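6 protein chains.
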Amino acid sequence: MVEKKVSVFRKEHFNAAHRLNNPMLSAEKNKVVFGKCNNDNYHGHNYELIVKVTGVVDAVTGYVIDLKMLSDIIKTEVIERFDHKNLNLDVSDFKALNPTAENIAIVIYNILRAKIDTKYELKIVLYETERNYVEYPA
Amino acid sequence: MVEKKVSVFRKEHFNAAHRLNNPMLSAEKNKVVFGKCNNDNYHGHNYELIVKVTGVVDAVTGYVIDLKMLSDIIKTEVIERFDHKNLNLDVSDFKALNPTAENIAIVIYNILRAKIDTKYELKIVLYETERNYVEYPA
Amino acid sequence: MVEKKVSVFRKEHFNAAHRLNNPMLSAEKNKVVFGKCNNDNYHGHNYELIVKVTGVVDAVTGYVIDLKMLSDIIKTEVIERFDHKNLNLDVSDFKALNPTAENIAIVIYNILRAKIDTKYELKIVLYETERNYVEYPA
Amino acid sequence: MVEKKVSVFRKEHFNAAHRLNNPMLSAEKNKVVFGKCNNDNYHGHNYELIVKVTGVVDAVTGYVIDLKMLSDIIKTEVIERFDHKNLNLDVSDFKALNPTAENIAIVIYNILRAKIDTKYELKIVLYETERNYVEYPA
Amino acid sequence: MVEKKVSVFRKEHFNAAHRLNNPMLSAEKNKVVFGKCNNDNYHGHNYELIVKVTGVVDAVTGYVIDLKMLSDIIKTEVIERFDHKNLNLDVSDFKALNPTAENIAIVIYNILRAKIDTKYELKIVLYETERNYVEYPA
Amino acid sequence: MVEKKVSVFRKEHFNAAHRLNNPMLSAEKNKVVFGKCNNDNYHGHNYELIVKVTGVVDAVTGYVIDLKMLSDIIKTEVIERFDHKNLNLDVSDFKALNPTAENIAIVIYNILRAKIDTKYELKIVLYETERNYVEYPA
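Chains as they are written, first to last, in the numbering used here: chain A, 1 to 138; chain B, 1001 to 1138; chain C, 2001 to 2138; chain D, 3001 to 3138; chain E, 4001 to 4138; chain F, 5001 to 5138.
Careful: at least some of the hints might be erroneous.
No more than 27 Å apart at the CA atoms, straight line, and that leaves these computed lysine-lysine pairs for DSSO-like [to be verified]:
{"#": "1", "chain 1": "E", "residue 1": "K4123", "chain 2": "C", "residue 2": "K2123"}
{"#": "2", "chain 1": "F", "residue 1": "K5123", "chain 2": "C", "residue 2": "K2123"}
{"#": "3", "chain 1": "C", "residue 1": "K2031", "chain 2": "E", "residue 2": "K4068"}
{"#": "4", "chain 1": "B", "residue 1": "K1011", "chain 2": "D", "residue 2": "K3115"}
{"#": "5", "chain 1": "C", "residue 1": "K2005", "chain 2": "E", "residue 2": "K4004"}
{"#": "6", "chain 1": "F", "residue 1": "K5036", "chain 2": "A", "residue 2": "K36"}
Chain F stretches covered by chain C per the calculated footprint, using a threshold of three residues with CB under 8 Å from any CB of chain C [what the hints assert, rightly or not]:
{"#": "7", "region": "5023–5036"}
{"#": "8", "region": "5093–5103"}
{"#": "9", "region": "5124–5133"}
The hints are simulated quantities; they were obtained by calculation from the structure and are not laboratory data. Just so it is clear, the structure is predicted and the values come from calculations on it, not from any experiment. Don't be surprised by glycine CBs; every beta carbon is placed ideally from N, CA and C.
Same shape as in the complex, but just chain A (with noise of 0.2 Å):
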């Protein structure tokens, strides 16, 4: 018998300030790339973060993986360091790399992959606003 897999979500969210800049680029060429996301004292955005986890039911629970597990998995790894933070100054993840969308999903992902069984595949949507967001693995 084929084992049935399930994709199960948790919605979470976490606010916080950043600004896109790459500092191997001049101040012009950063201004002329990220426009005003490269405002020099930031701003931020209310960010919702959606992990996707894809695994087979389990016979006993009729669960792919307890919700409320996920859930505190996620906000002690990613909520706690990242909810009303300045993702450039306090997050060492961005220390050294721009925290556009993408790479803030780029970095959950990893945080969580190392957190989540391997028995299970592991996918970020990460919501900028309402308009623009973006999903990693694609």
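Mind docking chains B, C, D, E and F on chain A? Use the hints.
What follows is chains B, C, D, E and F alone, placed relative to chain A:
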């Protein structure tokens, strides 16, 4: 010429009571595994159900499938049986199956798979809350 | 100088089972009046609760009321008592009161009115579904 | 090293009138097939358009694609031509093509595919209403 | 004892075509005043309609008004006449009245006011888009 | 004849960084009062701004106010000054005023009140997050 495949989605909803409980486990173990979702007297949700049907666009209608017809099938086969019901007590599919979101999605898939032409691929997305949802098949 | 009054809103949610039934009426009459909401074995909802507090902006904090504190009061007084419960069976306020959205909103108002300083005006908005909601006081 | 592929999404909207009708069919047959969507004098929708672009994250910018640039392309190529228009009468793509959601999504895909570098994968999601939407390619 | 007044809200929707035009003005003037909303061949919207009814909670039912009954009235009196129609051409109320959101809300109010017991206060909220909406009476 | 008053609403948004801090208080006291909102390096939000204008419907246009014109005023006077900015450092109105949601709403009200004809009533709703929002005047 390769035929163009398009996915179409229809969203419906139902309101139901349920509790998570596995009669093979002790009451204590059920409380540990399912927490407040194990509440003896049930709790409930506004379930949002999205049915995704993938197929070729019909040259005469410009439709993959008539969404009115799809909506009617969902209403007759799922909504009328699940809406304003207690999933554990009133819906026969869950007499011996724990009504987790994962299992509800699989049950709905199986119900609709039997009613929708096999030339179409079928997928179910089920929101238990705005922050917890599942997709089957993954 | 006239003081500036601002309204602040905090949104919380809870998931509960309920049924509409008036024990003073016959079973047949209850079925006619409440339709499928009268289902013997209950059904349920994801209730969205919005608490509106109106008052003067504090010159020191810039707050009408600390929304973190308001959220804590709502959680302690309402969410912990209502969430993942059967309103008819598990919540004493509805032992002799039909848990319509109107009555739930009035009950929540009375609970919170006793806990929130009378210098504040208070209003409750309660969504039973996305399409049905109530406000008290009107 | 394998390059990291990320999908980025940009949501735009347009408001348009349309009717569903196939001139190869009789008026009676069109009425049967398309129901109230066949109304002679048109009806309309607030279409929500999501454009998904998948590619490698650029090491200099941290972007898959500049979403401001993507938004400008969508506005110039799609929104300016479709917004506040009658799709059947004002948009040449639908002179001989029934403007179902499926066909509108395919038309938008073809328009944007010609304007977006082939190194990117492209997908269109189009909401006709909150409850009816389509995705192309499937 | 003062009776408790509660407001109840029911949300419905309809999809319609319209154009803004005042036949008393010249074509040029209409174009200046109404811009792209004046498009000769119409455009359209998914209108979201919220009907607010305020009254005393009935001691027997716990209802202000039966929302199922209210929904039926809205469907019969408004949705069936407006949905999948061209407001300018198909709905007699707008034969001599510009179908702005303001005027549509007033028309709906007048239609429903005649059908809903005068013991109830009535208010209409009408969303033309997610970003533009109106309320009547103010 | 009594003139019909209608309220019209226009929703805009801006993304900004801020921190809550009162320089009259000690650092310790600020930390106690504002918690994580006091983070030294700021955090941020996607603010949703709703501007409500109430007035008489113009007999010629069917408008209370041209929402395109209202949107332009909001964009010029508020969005261009607040969007992608640090409210504390970049926006002069908050040089000596703590940028709580309450104070931001009052500032926006004062800015717009000076630009909108006094024949109109004006109200501001400001969402800091989906779950925290304010309204001014109350």
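Unsatisfied constraints (hint numbers, rising): 4
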